[in-house]
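There are 2 protein chains.
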Amino acid sequence: MDKWILTSEKIDWKKMKKRESIWTQGNGYMGIRASFEEGYTGSARNTLINGLFDCPKEEVAELAVLPDATNCEISFNGETFNMICGIVENFRTSLNMRTGEFTRTLDWTSPKGKKFSIVFSRMVSDARKHVMAQRVWITPLSEDVEVCLVTGIDGKITNTGVQHFGNPEKRAYKDGIKGMYLTTLQSQVDVAIHYTLKFNKECTERITIDRRSVYSEVRTTVGKNDTFTMEKLVSYATERDFEYADFEYSDEVLRNDGKAYLNEVIELGYDGLLKESARSWSQFWQESLVDVNANDALIDGAIIFAQYHLHIMASRDDNRLGIGAKALSGEGYMGHSYWDTEIFILPYYLCTEPQVARRLLEYRYQLLPVAKNKAAKFGFQGAMYPWESTWITDGEGCIEYGDMDLLTGEKRRFTMGETEIHVTAGVAFAAWQYYCMTGDEEFMEKYGNELIIRTAIFWADRAEKRNGRYEILGVIGADEYKEDVDNNTYTNYMAHKNLVLAKNILDSNPERLLRKLEKEYNMKDVKMEISEVAENLYLPVAEEDGIIPQFDGCKSLKEKDITYYKNLDSVFDIFKDYGFAEILQMQVFKQADIVMLFYLMSDVFDEETVRKNFAYYEERTLHDSSLSMCIHALVAVRLGMKDMAEKLFYDCCCVDFGENTNNSDAGIHSASIGGIWLATVMGYGGLRITDNSLQLKPVLPDGWENYSFPVWYRGSKLKVLVDKNGCCVERVLGDAVTIVLNGKEILV
Amino acid sequence: MDKWILTSEKIDWKKMKKRESIWTQGNGYMGIRASFEEGYTGSARNTLINGLFDCPKEEVAELAVLPDATNCEISFNGETFNMICGIVENFRTSLNMRTGEFTRTLDWTSPKGKKFSIVFSRMVSDARKHVMAQRVWITPLSEDVEVCLVTGIDGKITNTGVQHFGNPEKRAYKDGIKGMYLTTLQSQVDVAIHYTLKFNKECTERITIDRRSVYSEVRTTVGKNDTFTMEKLVSYATERDFEYADFEYSDEVLRNDGKAYLNEVIELGYDGLLKESARSWSQFWQESLVDVNANDALIDGAIIFAQYHLHIMASRDDNRLGIGAKALSGEGYMGHSYWDTEIFILPYYLCTEPQVARRLLEYRYQLLPVAKNKAAKFGFQGAMYPWESTWITDGEGCIEYGDMDLLTGEKRRFTMGETEIHVTAGVAFAAWQYYCMTGDEEFMEKYGNELIIRTAIFWADRAEKRNGRYEILGVIGADEYKEDVDNNTYTNYMAHKNLVLAKNILDSNPERLLRKLEKEYNMKDVKMEISEVAENLYLPVAEEDGIIPQFDGCKSLKEKDITYYKNLDSVFDIFKDYGFAEILQMQVFKQADIVMLFYLMSDVFDEETVRKNFAYYEERTLHDSSLSMCIHALVAVRLGMKDMAEKLFYDCCCVDFGENTNNSDAGIHSASIGGIWLATVMGYGGLRITDNSLQLKPVLPDGWENYSFPVWYRGSKLKVLVDKNGCCVERVLGDAVTIVLNGKEILV
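Here the protein sequences line up with chains A and B, keeping their order. The first sequence begins at 807 in the working numbering and counts up one residue at a time. The second sequence begins at 807 in the working numbering and counts up one residue at a time.
In case anyone wonders, no lab produced these hints; they're calculated from the structure.
Same chains, same names: a pair is fine if it fits in one copy or spans any two.
Below, a list of computed lysine-lysine pairs in the DSS-like style, where the Cα atoms sit at most 30 Å apart:
#1 K1503 with K1550
#2 K1503 with K1453
#3 K1217 with K1065
#4 K1448 with K1372
Turn these sequences into a full structure, and let the hints guide you.
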C-alpha cells in the first residue's frame, strides 16, 4: 500500500459522508468534498470558500455552501448511469495526496446489459486558488452508443436546508464560458462561478437553465472501445477575495476576473492544470514533509493525511481568515474558528510555514475591534476574543441561547461565549510563540505587542481580588465537562502568562504603541494594574497529595471509576447512565486541562508533578473530544510512558483516518489533525518552544524505522532526522542558529 | 383492473416524480405528494398548504414547501432499509381513489440476507382538513430482529433550493406530542406542525433534534413472524387557516389548536381516521360521481382520476383561495392560479358542487383591490385581474422580467401580465355562468354585479377608438404562440360579453352598488361608456373564405404544414427547427383560441362557421398546451367528428394519466383534469350553459356502455344517464326545473 494514496475498492454507502469529508480537496481558498459526480441520497455535496460567511436571521454566521460544479449526470442511449443499479465492477476510488487528485474508475453494466468503462478525475488547483477541474472518460465496451452528459452549476444546494444566496443570474458567453452570479442574502457578498467544457471529439452542447442552475447538455455518439473525454474547468471568485481587500470592487471586475481565471487555463486543460498543480504540491512536500516510517500503514498514512489537510486548510495569502474546526471539509461547527487554531494547529505552521502562522495571527489582530466590543458588552476593558470567530467584522459566533429545551420550552443558555475565556490568553500566547520561533520584531511592533497588551488589559479587569489575591471566577476551562468553575488552573496559568508577557512589553516602553493606547487608556494605570494582577494572580499548585486541582473544589467532587466507559466503543455511552448535570458534579473529565499546560508550559512544572498529575487526570478523562488524545499522547511521550503514548497516538491518528464510520460526516477535525503533528514533532520529536530557546529531545518509538521533520527557527530552516542511531539536525537554509538538543546548546 | 385503484407493481425510478405527482393525496387544505417514506435521489417530497405563499427577494410569491412529516427510516439490526439495495419482492404500490389511501407492500431481503415484510399506508383525512396519518407494518420473516424507526418532522426541505421558513422552534410535550413551529420568511405566516406516534407493542421512543428537524428514534425487538405497527398522526395548522380569518390570532392559539387537532384523533388512530375519511370520500362519490363505462380502462380510470383530483384541489371552506395550475401536487407554476380556474375547472364545480364554485368566485371578488391596483399601474380604470393570482393581497404573480438572455445578458421582458388580459373577462364570464346555473341573486348582489361592472370599466377604458370602432390592441390571446396582436378574436368576444353583462346590470339600476361605485366613478359616464364600447367593439367575423381571423392579419402569416410535428412523440420538436420568433410569424398555433369561443359561446356561432373554423385551426394547432386537447375534443364531439373527438379525448385523458414519463413531474395539470370533465360532460353530455337555459344534447361514443353525471341547476339536483337507449334525466333533489334536452324544453 502506498501511504500517499488513499484507496477504496468498495462502495460503502454508510461511509459515504465520511469519505467525502476526509477526501476533501482544496487549496486554502476553497474546499470541495469528494462527492460522486452523479447524486446519491445521503451525500453532502459541499463546496466552501474560506471566509464566505453569511448569517441567517436569528442564527449565527456560517460558511455558506456554494453552488456545486462537481455534478455530472451521464446517460447511455437514455439509460442513466448510477452505481445503485446495474452492475459495478473493478471499482476503485482514490485520493492521491502527493498530487491532490481524486479519481474513480469503474466498469458499469447497465440494467439493459450494456457495458461501459468510466473514469472520473477531479482536482483543485494548488497553483491557482480560484480553479478546479474535472474530467470524465467514457468508453463503451459493448457497442456504439449515444452518450449524454449533463453538467453545470447547481445552485439548489443549501446548508442543511438554509439557503444563503439570492436568486442567481446566469450567463452563457460566446467563448463557451457559462457563468452564475449570486449574492449572499445577509452579508451581501457577490460570488461569480464560471465553467467551460472541453472535449476530445465533436459533440453538441446545449445550454439549459432551470431554477437556480445552468447546465450543459452534451451529446455525442461514441464508438465501441473508443473513449470520449469531457473536461470541465471551473473558477470561483467572490467579493471577499483577498485580491479586492484594498481595491475598488465592482461586480463587473469580479465577473471579468472570474472569466479571466478560466481563460488563462483553457489552453492548459485538465492535464496541464494537474501537472502545474502537482508541481506545486511536490514543492510543498519537498519543503515541508514530515516523514515517518513507523512500519505501520495507519501511522505512516495518518501523518501524510494530516499534512495533506494542513496544507489545504489555510489560506495562502489572506490575513483575514482563520481555520474552522472542520476547515473547509464540511458544514460542521459552521466554519467557525475556536481556540483550536492557536493551540492545536498553529504550531505546525510555526515550524513548517511561519508566514502562514503570521497571517493567522494577523487575522486575530484584525479581530481586535470585535474582541474589544465583546469585552465591553460584558463590562470589561481590553480585548476579549470571541469563543467562535468568523469573518473579521462578524462578532461572536457562539450562540447565546441553544435550541429550547424540548420539554419545558425554555431556551438553553449557552455560556461558552461568556465564560470559555481562555481563548483570549491562547491567542496572546500564540503571538508570543510566533515571536520566540521567528524573532519577527516587525510583527511584534505592528501587531503582536498590541494584541498581548490589549488581552492583558482584559485579564487585569476580569480577575477579581479575593482572599488577598486575584482570582478568575466563573469560567469553563479547557475541560468542558465542568462549567462555571473558579480558578480553573489552565485558564489562570494562561492568563498569567498573558499578563507577564504584557508587563515585559510595557517595561520595554514601546513608544508608538503607547501613544496609540494612550488615546483609550491611562497607560500608567494600565501598567500598574497589569503588574499588580500578574504578581498576585492565584496560580494553583500541587496540594499535599501532589495533585494540582483543576479548579477550586475539583478534588472534593465525587469519584467515579470510568474504566468501563473508556473501554467501550463509544465513550458517549456514559450519558446513557448519567445526565450531564451529574457529570458536572463528578471527577470525570472530557479532555486535557491541566495536561494542556504540561504541553504548553513544559518549563513551569517539574517532571514529578507532571507524572503524578498526568496519571491522576488521565485515569479520570474520557477523551470525549478530538482535542484530548493528541495532547495526552504528547505528554505521555515526554514522560517516557511508551505504551500509553503509543495507544493515545494511535487513537489520535484514528479520529478521522480510522475506521470509525460516521464521526467525520460533517467534516474532518482540524485540531485533531494538527494534533497528529503535535504528537509526532512536539511529542516524539520532543520539540518545545520556550521564551529563549528551541528545544529538541527526540525519541524513536519502538518499531519505528525513522522520522524526519523540518523546523524553521529564527529565519533558518533546519531538518531533524531521528533514527536508530540517534538524532541528526542539519541546517537547510539560513544562518547558523543555536538550539538546545537533549538539554545541550548546539550551534547548527 | 379496478378503475378505482391505481396500482404499480414495478419500481420505475424514472417515473418516480410523476407517480409522486399524480398520486398526490389531499383534501383541498393540504396536498402531499406520494413520496416513499425512505428517501431517494430525484424524489420531490412536497407537502403544500393552499394559500401559504411566500415571496423571496426579487422573485414572486410561491407556495412554500412545508417541513415534511412523511419520512421514516427503518433499520433492522443496523441494516438500513432501502429498495435500491438488497432484494425487493412482491412489490405493490397503490392509490385507492375510493378511500384516498396510499399503500405500499413489499418483501425485502437485506444485503445480509434477512427477510422482512413491510407495509406502508398513508392518508390525508377527507373529514379533518388539518390531519394526515401514516402506518408502518413490519414483520421479520427470518428471525427476531431489533427494529429501529426514525421518523419526525424534517424542515431541511426547500422549494428547489429556496428556503421559505426561518429557524424552527421544536418542542416535545409530556402527552407524547412533538411540535415544530416556523414562520415564513417574507409573508411572516406562522405554521405549527405536530405529530405523535402509536405502537402495537412496547418500544422505546427517544426524541432527537437536529438542525431544522425533530425526530423520534423508535426501537424495539420484533419476533420472527410477529408484526410491529407504528402509526404516525400529524397535524398541520397555519396562521392563514380560515379558522382565523375573522379571529384575533395569536401563535399560542395556533399551537394549541394544532395540538388539539391531534388530541382529538389519537384515540381514533390510523384505522379510525381512515374509516372516517373513507366515509367522507364515499359520500363525495355518492353525491358527485361522474360514472363512465367506456370499456376502456384508460378512459374509465381517467375520469375517476380527474374527479379524485378535482375533489382534493379545492378548499372546502375558505373563500380566499384559488386553484393553482398544479393544484397542491407540486412546485410547478409556483402554486399560481391562472384563467384555467374559471374556464377549465370551475364548470365542474358549477355542476357538481356549486358552493365550491361560489367560494372560488368570492376569491376573485376579494382580489378586486389587487385588480384595481394593477389596472391603475398600467393607466386604466376598473379592475384588471392578475395574470397569475396568489394570496388575496399579494398582487400580480407574473414576473415582469424572466431569466436574462443567457447570451446577451438582457433581461427578457415577460409581457403576459400586461397583455394576456382576457383573464379579466374570463372571471366576469364565470360569475355570470354561476348565476345562470344557480340563480343565486344574493351572490350577484354581494359580489357578482360589482365584479362584472368593475371589469367592464377596465374594458371600456382599455379598448381604443380606431377605424370608427373600438379595438383592443397589443394583447396575447388564448393562443400563446402569438404575441402583441391586435383584436384577438377570443379576447374581443370575451370583453364584449363582459361589457354587455355590465350594461344589463347597470340597466337594472342596482342601487346599493351604484351608491358604492359613485364614490369612485361618475356612474352616468361609466354607463354611457360601457354602452358605447359594448355597441361598437369590433368583433371579428368570418371572411369570404368562411374563416374568422384569430387576430388582425393572422391569415396573411406564412403557412406551414405541421403534420410532421403533430405526429411526433413531442410536438416541442418544432423548436429544434424553428425559433420562437419564427413561430410567432407563422400560422402555427399552440392551443385553442377561436375554438375556445365555440366551447364558451355555443349560441353565438352557426354550425357551418364552427365546422369550417375548427378544421382550419385544428390543422394548424400543435396542442402544445394541456389546455388544448380537451377543448378541441369537446367541440369535435359537438360537431359529430367522432374519430377526431375520440383521439383528442384520449390524448386529453393521457396528459397526466397516460404513460408519458416526465410531463407531470412538477405536479398534475389541474386545467387538463378539469378538461377531462369538460370533454365528458360538456362534450359527450352536450351540456351547455346559456343565459336563459341549461341545455343537454348527449351522445354516446362508440364502444361506451353508458355514462352518468350529476348536475345542480337552480337549486335542484339532476342526474343525467346516457346509454344505448338514449338519455334519461332524473331529479334527485329540489323542485322541478325546466331544461332543454336535445333542443326541447322539458320539466324535470
